[in-house]
Amino acid sequence: MAANNSSPNLYERMLTIDRRWIFMLLTIVVVVVYMLDLKVPVNVTEEVRTIYERIEGLNEGAVILLGMDYDPSTLAELHPMTYTLLKQCFRKKVKVLVTALHQNGPGMADQAIRESATLHYEATGDSVEYGRDLVFLGYKPYPAIVINSLGQDFHISFPLDYYNTSIDSLPLTQRINNLTQVAAIINISGTSATDYWISYGAAAYNVPLAIGVTGVMATDYYPYLQAGRIFGLMGGLKGAAEYEQLAGNVGSATAGMAMQMWAHLLIIFFIIIGNIGYFMSKMQGAKE
Amino acid sequence: MNFNVEIFWTTVAAFLTLSTFSFLYKDNPFYKFAEHLVVGVSAGYFTMILIVTSLWPKLVDPLRAGNLLYIIPALLGMSMFFRFSKQRSWIARYPIAIYIGIGAGLELVLQFQARVIEQLNATIDIAGGLASEAAAGTLTTGDMINDIIIIVGVICGLAYFYFSKEHTGWFGGMATAGIWVLMVGFGASFGYTVMARISLLIQRVQFLGDWWTALWA
Amino acid sequence: MRRQIPLLLVFLLGTAIVLQEFIPLDFAKAFKEFALDWTIVIGVFAMALGIWSLTKVSMEKVRRRSENWQYSIVALAGLAAMMLFSIWSWATVGIEHALSGYMFVQFFDYVMVPIQATMFSLLAFFIASAAYRAFRARSLLASLLLVAAVIVMLRVVYMGPLSDPVNVMADWIINVPNLAAKRAILVGVGLGIVATALKVILGIERTYLGRD
Numbered sequence: 005m006a007a008n009n010s011s012p013n014l015y016e017r018m019l020t021i022d023r024r025w026i027f028m029l030l031t032i033v034v035v036v037v038y039m040l041d042l043k044v045p046v047n048v049t050e051e052v053r054t055i056y057e058r059i060e061g062l063n064e065g066a067v068i069l070l071g072m073d074y075d076p077s078t079l080a081e082l083h084p085m086t087y088t089l090l091k092q093c094f095r096k097k098v099k100v101l102v103t104a105l106h107q108n109g110p111g112m113a114d115q116a117i118r119e120s121a122t123l124h125y126e127a128t129g130d131s132v133e134y135g136r137d138l139v140f141l142g143y144k145p146y147p148a149i150v151i152n153s154l155g156q157d158f159h160i161s162f163p164l165d166y167y168n169t170s171i172d173s174l175p176l177t178q179r180i181n182n183l184t185q186v187a188a189i190i191n192i193s194g195t196s197a198t199d200y201w202i203s204y205g206a207a208a209y210n211v212p213l214a215i216g217v218t219g220v221m222a223t224d225y226y227p228y229l230q231a232g233r234i235f236g237l238m239g240g241l242k243g244a245a246e247y248e249q250l251a252g253n254v255g256s257a258t259a260g261m262a263m264q265m266w267a268h269l270l271i272i273f274f275i276i277i278g279n280i281g282y283f284m285s286k287m288q289g290a291k292e
Numbered sequence: 087m088n089f090n091v092e093i094f095w096t097t098v099a100a101f102l103t104l105s106t107f108s109f110l111y112k113d114n115p116f117y118k119f120a121e122h123l124v125v126g127v128s129a130g131y132f133t134m135i136l137i138v139t140s141l142w143p144k145l146v147d148p149l150r151a152g153n154l155l156y157i158i159p160a161l162l163g164m165s166m167f168f169r170f171s172k173q174r175s176w177i178a179r180y181p182i183a184i185y186i187g188i189g190a191g192l193e194l195v196l197q198f199q200a201r202v203i204e205q206l207n208a209t210i211d212i213a214g215g216l217a218s219e220a221a222a223g224t225l226t227t228g229d230m231i232n233d234i235i236i237i238v239g240v241i242c243g244l245a246y247f248y249f250s251k252e253h254t255g256w257f258g259g260m261a262t263a264g265i266w267v268l269m270v271g272f273g274a275s276f277g278y279t280v281m282a283r284i285s286l287l288i289q290r291v292q293f294l295g296d297w298w299t300a301l302w303a
Numbered sequence: 026m027r028r029q030i031p032l033l034l035v036f037l038l039g040t041a042i043v044l045q046e047f048i049p050l051d052f053a054k055a056f057k058e059f060a061l062d063w064t065i066v067i068g069v070f071a072m073a074l075g076i077w078s079l080t081k082v083s084m085e086k087v088r089r090r091s092e093n094w095q096y097s098i099v100a101l102a103g104l105a106a107m108m109l110f111s112i113w114s115w116a117t118v119g120i121e122h123a124l125s126g127y128m129f130v131q132f133f134d135y136v137m138v139p140i141q142a143t144m145f146s147l148l149a150f151f152i153a154s155a156a157y158r159a160f161r162a163r164s165l166l167a168s169l170l171l172v173a174a175v176i177v178m179l180r181v182v183y184m185g186p187l188s189d190p191v192n193v194m195a196d197w198i199i200n201v202p203n204l205a206a207k208r209a210i211l212v213g214v215g216l217g218i219v220a221t222a223l224k225v226i227l228g229i230e231r232t233y234l235g236r237d
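Protein chains in written order, with this note's numbering: chain A, 5 to 292; chain B, 87 to 303; chain C, 26 to 237.
Misleading hints may appear alongside valid ones.
[What the hints assert, rightly or not] Under the rule of at most 20 angstroms between Cα atoms (straight-line distance), these lysine to aspartate or glutamate pairs were calculated in the DMTMM-like manner:
id: 1; chain 1: B; residue 1: 112; chain 2: A; residue 2: 22
id: 2; chain 1: C; residue 1: 86; chain 2: B; residue 2: 121
id: 3; chain 1: A; residue 1: 43; chain 2: C; residue 2: 189
id: 4; chain 1: B; residue 1: 118; chain 2: C; residue 2: 85
id: 5; chain 1: B; residue 1: 118; chain 2: C; residue 2: 92
id: 6; chain 1: A; residue 1: 96; chain 2: A; residue 2: 119
id: 7; chain 1: A; residue 1: 43; chain 2: B; residue 2: 296
id: 8; chain 1: C; residue 1: 54; chain 2: A; residue 2: 157
id: 9; chain 1: A; residue 1: 97; chain 2: A; residue 2: 60
id: 10; chain 1: C; residue 1: 81; chain 2: B; residue 2: 121
id: 11; chain 1: A; residue 1: 97; chain 2: A; residue 2: 130
id: 12; chain 1: B; residue 1: 172; chain 2: C; residue 2: 85
id: 13; chain 1: A; residue 1: 286; chain 2: A; residue 2: 16
id: 14; chain 1: B; residue 1: 112; chain 2: C; residue 2: 92
id: 15; chain 1: A; residue 1: 96; chain 2: A; residue 2: 130
id: 16; chain 1: A; residue 1: 96; chain 2: A; residue 2: 126
Everything labelled a hint here was simulated from the structure, so no lab data went into it.
Take these sequences, add in the hints, and give me the full structure.
If you want it as structure tokens, here you go:
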């Protein structure tokens with residue numbers, strides 16, 4: 005601490021720097037790395053690999069339920085997971101039932117489904133037929149209630165799909181009535197809907213469940229992984245990049261890892277410098 | 087001059103993105119405009135989603151098909167709007183009570199199973215695995231240390247959150263060990279949170295980069 | 026009666042839902058389906074309350090010419106525009122196109138998505154600022170938290186031959202002490218949820234009824 009009449013020392017000035025300089029430094033680092041288009045290797049973890057291998061191991065015609073419970077605020081981390089998973093399912097000819105239980109999510113889910121199907125067609129020449137290969141059930145409020153009802157009968161929550169077509173008229177939903185008949189649930193989520201899928205979906209009806217969640221949520225779900233309630237976990241942009249790596253798709257998640265790395269180094273630098281400033285400032289104050 | 091509709095809309099999105107970023111310098115009319123616009127557009131979007139995907143198939147279609155029993159939940163739902171009335175707000179309690187009752191019943195059983203029973207089961211399984219591997223002579227030092235840390239960590243963490251007993255003596259020691267374990271857990275969460283926040287920025291930079299490239303292509 | 030009947034409803038429905046989980050008979054399943062079905066319909070109107078509230082507040086701000094009232098017009102215009110776009114598609118083509126009309130989708134993709142995504146991306150800057158100004162190793166516990174955080178953050182940093190040991194350390198932190206900590210929190214929260222649910226069903230917790 006400076007004496008009453010002396011000017012702040014270097015460390016105190018360091019600690020009171022205008023935060024807009026910090027914002028600018030972060031912007032510069034991320035933009036420069038983006039422009040240099042750097043690449044970094046991605047280390048694949050076991051919890052992501054199990055999801056990929058489970059889908060790879062499904063037979064043609066098996067059905068999974070994809071719960072896309074996120075909105076535009078988390079699409080950076082979760083959209084790459086969705087795209088990669090859908091492409092893998094289309095390639096394996098695994099049928100997909102999609103729900104979107106966040107109120108701002110259905111539009112994004114619709115877009116992701118259409119784009120993935122188009123990209124798959126452009127890459128392979130195979131078309132994805134709506135109703136036969138994929139059904140988008142859409143949105144209903146209150147995920148806890150909806151997920152519970154999915155375990156009983158899809159008709160309770162979704163008598164019509166997102167496009168207002170009766171699910172009784174769609175080949176896929178003619179043969180599947182509830183959650184117990186799907187091979188797996190994959191929940192990609194940035195909300196507490198994941199807790200409901202675990203309790204009201206997987207636990208209540210004993211259906212295998214894997215999750216892809218934001219980085220903020222990821223560490224909270226390792227107890228479920230260890231307990232065997234979920235069989236896989238993709239956490240944040242790194243999890244998405246790992247999945248892209250396994251699937252052989254270089255997408256936005258893989259491309260973002262270099263920027264992620266340098267931004268992390270910058271944050272660590274800030275933590276170290278901030279602490280050095282703090283301790284030096286304290287020591288100088290103690291001397292005075 | 088050719089007008090590319092795609093570029094037009096992407097430019098609108100880029101303008102709104104940069105308007106929102108301008109808040110980092112200071113609050114300004116561009117940011118306020120974007121903020122209020124997204125509030126209105128989100129509300130409008132959600133209203134139509136609710137009407138088209140929920141209200142119509144779950145209420146209007148069954149009523150049109152002659153299933154008049156659905157008038158009852160419709161009336162109950164509409165009575166929620168009495169919340170805004172000073173004299174008749176008590177009417178809104180009935181639908182709220184139905185929802186709360188059903189929700190509480192579901193939560194009680196299913197959350198207890200998933201959060202308490204299964205998690206404690208898994209911890210006991212670790213102890214059981216530890217004992218059986220030790221008996222069979224297949225237990226490695228690393229696995230033993232990890233399993234002990236998990237079992238002791240869970241118990242001490244729970245001890246820390248038990249405030250009905252004073253954290254003194256041996257119990258205080260357990261609570262202290264618990265807070266140490268919790269701090270490591272929070273540190274891991276913080277590390278992941280930093281990654282999450284940075285990823286959001288990365289996606290925006292990628293979007294702006296793609297827009298800029300498309301603009302000059 | 027204004028409080029007793031709702032309390033009775035909560036008790037009866039809550040108890041019935043709990044009991045039906047343990048009764049593996051058709052009538053129990055049918056009751057649950059019926060209850061969930063009606064709850065979804067009621068829930069739709071509950072969600073509409075929030076939208077009504079927003080509209081009311083914005084209109085009030087404009088009427089009173091409160092501070093920044095002009096921006097409330099922007100919010101109301103956005104709300105009206107989205108509804109009009111969807112209703113137009115519905116009226117001209119059919120309900121199956123109500124959510125896929127051109128302007129409705131364009132406003133979602135190019136107005137709502139970028140602004141929402143950017144709003145949350147501002148957090149990256151705030152966390153950088155917080156890292157510099159607030160994350161201090163003031164005590165041994167705080168230091169432990171920071172060290173764990175730094176190791177986990179280094180997971181995405183490629184450091185050549187050092188990457189493997191760092192990944193091993195980070196994986197250990199996540200799968201051992203973090204697992205223990207989060208499990209303790211999960212069990213604690215689970216017990217709290219169960220206690221609260223019981224209090225609600227038994228009528229001990231009544232805050233949802235509001236005041237008379």
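Agreement of residue 118 (chain B) and residue 85 (chain C) with the hint, judged by alpha carbon distance not exceeding 20 angstroms
Holds, at roughly 18 angstroms.
Within 20 angstroms, alpha carbon to alpha carbon, are residue 54 (chain C) and residue 157 (chain A)?
holds (11 angstroms)
Hinted pair, alpha-carbon criterion (20 angstroms max): residue 112 (chain B), residue 92 (chain C). Please report holds or violated.
Measuring from Cα to Cα gives roughly 18 angstroms; hence the hint holds.
With a cut-off of 20 angstroms on the C-alpha distance, tell me whether residue 96 (chain A) and residue 126 (chain A) pass.
Holds, at roughly 16 angstroms.
Taken at face value, is the distance from the CA of residue 121 (chain B) to the CA of residue 81 (chain C) at most 20 angstroms?
holds (18 angstroms)
Could you grab the alpha-carbon distance between residue 96 (chain A) and residue 119 (chain A) and see if it respects the 20 angstroms cut-off?
holds (17 angstroms)
Residue 172 (chain B) paired with residue 85 (chain C) [C-alpha distance capped at 20 angstroms]
With a Cα-Cα distance of about 18 angstroms, the restraint between residue 172 (chain B) and residue 85 (chain C) holds, given a limit of 20 angstroms.
Holds or violated: residue 43 (chain A) with residue 189 (chain C), Cα cutoff 20 angstroms?
Roughly 18 angstroms between the alpha carbons, so the hint for residue 43 (chain A) and residue 189 (chain C) holds.
Pairwise hint evaluation, residue 121 (chain B) against residue 86 (chain C), where the allowed Cα distance is 20 angstroms at most:
holds (16 angstroms)
Holds or violated: are the alpha carbons of residue 118 (chain B) and residue 92 (chain C) at most 20 angstroms from each other?
OK: residue 118 (chain B) and residue 92 (chain C) at ~12 angstroms, within 20 angstroms.
Does residue 16 (chain A) lie within 20 angstroms of residue 286 (chain A) when you go C-alpha to C-alpha?
Status holds; Cα separation ~9 angstroms.
For a C-alpha distance cap of 20 angstroms, please report whether residue 43 (chain A) and residue 296 (chain B) respect it.
holds (18 angstroms)
Violation of the numbered hints given earlier is absent; every hint is satisfied by the structure.
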